[in-house]
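Peer 1: Spelled out from the first residue to the last, the chains are:
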Amino acid sequence: MKPKNQRLVLVAAAAAAVLAAVLLAMWGLRDQASYFYTPADVAAGKAEEGRAVRLGGMVESGSVRRQPDGVTIRFSVTDGQARTPVTYRGIVPDLFREGSGAVAEGRVVKGTFVADTILAKHDERYMPPELGNLAAERKAGKTLQR
Amino acid sequence: MHALANPARFLRIARPASSWLLAIGLALALGGMAAGLLLTPPDYLQGETVRILYIHVPSAWLGMAGWAGIAAASVSQLVWRHPLAAVAGRAIAPAGATFAALCLVTGSIWGRPTWGTWWEWDGRLTSMLMLFFLYLGYIALGSAERERGGEGRVTAIFGLVGAINLPIIHYSVLWWRTLHQGQSIGVTGSSIDNALLWPLPLTMFGFTCLFAAAVLMRMRAALAEAKIEARQRRMTQP
Amino acid sequence: MNPWPFVIAAYAVTVGTTGALLMWALATMRRAEAAAEALKRR
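So the sequence lines, in the order shown, correspond to chains A, B and C.
Per the working numbering, the first sequence runs over residues 1 to 146.
Per the working numbering, the second sequence runs over residues 1 to 238.
Per the working numbering, the third sequence runs over residues 1 to 42.
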């Protein structure tokens, strides 16, 4: 074999080995590297009571209730399989709305998620307002299935 | 002589190409940005903030394409010993690092009004930050090896191994639950409505031309510096 | 939240940084090629 081809085989083999090792590590990490738990995870008891975790899902339509004190809101987050009730005191981001994605940071206390922070999660679709309102009426639940 | 033949041919093409790329790139990037700021409608959910898309997406693409270029240059340096490969790799690095940084900064500015946070350690953001640090490592390693008079083989190996981060960035939004949304533009189509999409190809292509122009100019500078060094060496030791 | 300050800031950073990259590449290239040319003529 010519030295040039030898080097090619060597580089290809080394690259393949590194690729395989890293992909294996990523696959092993996929649970730890997930940014949030879903309501199904909470229902299955994966998010320990009292531990600081994140909960992500769709804000269920019609579930947002503002409490009489004016600063606390309650709503439920769903992933299509389970739902978790959430309470939060504070200002939510502009993009936080029913039927859209949200990620809450906080802890599970007696089956309710007590949030310290609420982040809005949007999906990969972008469109002008007149189209968007139609789509919102049909309600999109795609974002959070992943 | 073989080492000189290729750079000479390269320079004959690179000289006019760098000015053309600069002119076309400036026209398209500025035109696309103006269109994205003034002509497109706002997004139904995000409103005006969506305009950051037209600069964020090209930055992300060029940050990643830059490292793909470094990896290709590394292979051609390690396997075929191409005389221009090391020069190309080192010329790509500062441009790639610049756009990786721009991707992080514009993304952060976009995140605050939409998600409600400047930064979160989710899979996409973290792997993109890693890419930026890989660029810094590559640049540092490259100049250290060059100072010692090496051929840059260690740097090339680093460039090749670092390419592993590219699929991680790309698939991070599929493998892991992330705050960052999924891929908008795929081979089968786009989930961005045409009314909002059309300036994006302009800025994508425009910034790509500017990136290529910066790389060619860096390569020309490196070749001229190498010529000066070679001549000085010949003059000091007759 | 008013979106425009964020949009303007993002565009300003992009234009400024890209401009700086191109100016630096152009200036270092001009300097190096002029020096090489001067050395050849000597």
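Wrong hints could be hidden among the right ones.
Okay, derived cross-link-like pairs now, DSS-like style, lysine-lysine, Cα gap no bigger than 30 Å in a straight line [to be verified]:
1. Lys-227/B / Lys-110/A
2. Lys-4/A / Lys-46/A
3. Lys-227/B / Lys-40/C
Here are the computed distance ranges between Cβ atoms for each label pair [what the hints assert, rightly or not]:
4. Asp-116/A / Val-13/C: 26 to 34 Å
5. Trp-4/C / Pro-83/B: 48 to 56 Å
6. Pro-5/C / Ala-144/B: 39 to 47 Å
7. Thr-72/A / Pro-167/B: 54 to 62 Å
I should point out that these hints are in silico values taken from the structure, not numbers from a laboratory.
Backbone N, C-alpha and C define an ideal beta-carbon position, used for all residues, glycine too.
Peer 1: If a hint holds in the structure, say so; if it doesn't, say that too.
Peer 2: Here's how the hints hold up against the structure:
Distance hint between Lys-227/B and Lys-110/A is unfulfilled; the C-alpha atoms sit about 73 Å from each other, more than 30 Å. Proximity of Lys-4/A to Lys-46/A is assessed by CA-CA distance (about 53 Å); at most 30 Å being required, the pair is judged violated. Taking the CA atoms of Lys-227/B and Lys-40/C, the gap is near 9 Å; set against the 30 Å cutoff, the hint holds. The hint said 26 to 34 Å for the Cβ distance between Asp-116/A and Val-13/C, and at roughly 30 Å that hint holds.
Checked against the hint of 48 to 56 Å, the pair Trp-4/C and Pro-83/B passes, with Cβ atoms roughly 50 Å apart. Between Pro-5/C and Ala-144/B the beta carbon distance is about 41 Å. The supplied range of 39 to 47 Å therefore holds. Taking 54 to 62 Å as the suggested C-beta distance range, the pair Thr-72/A and Pro-167/B does not conform, at roughly 44 Å.
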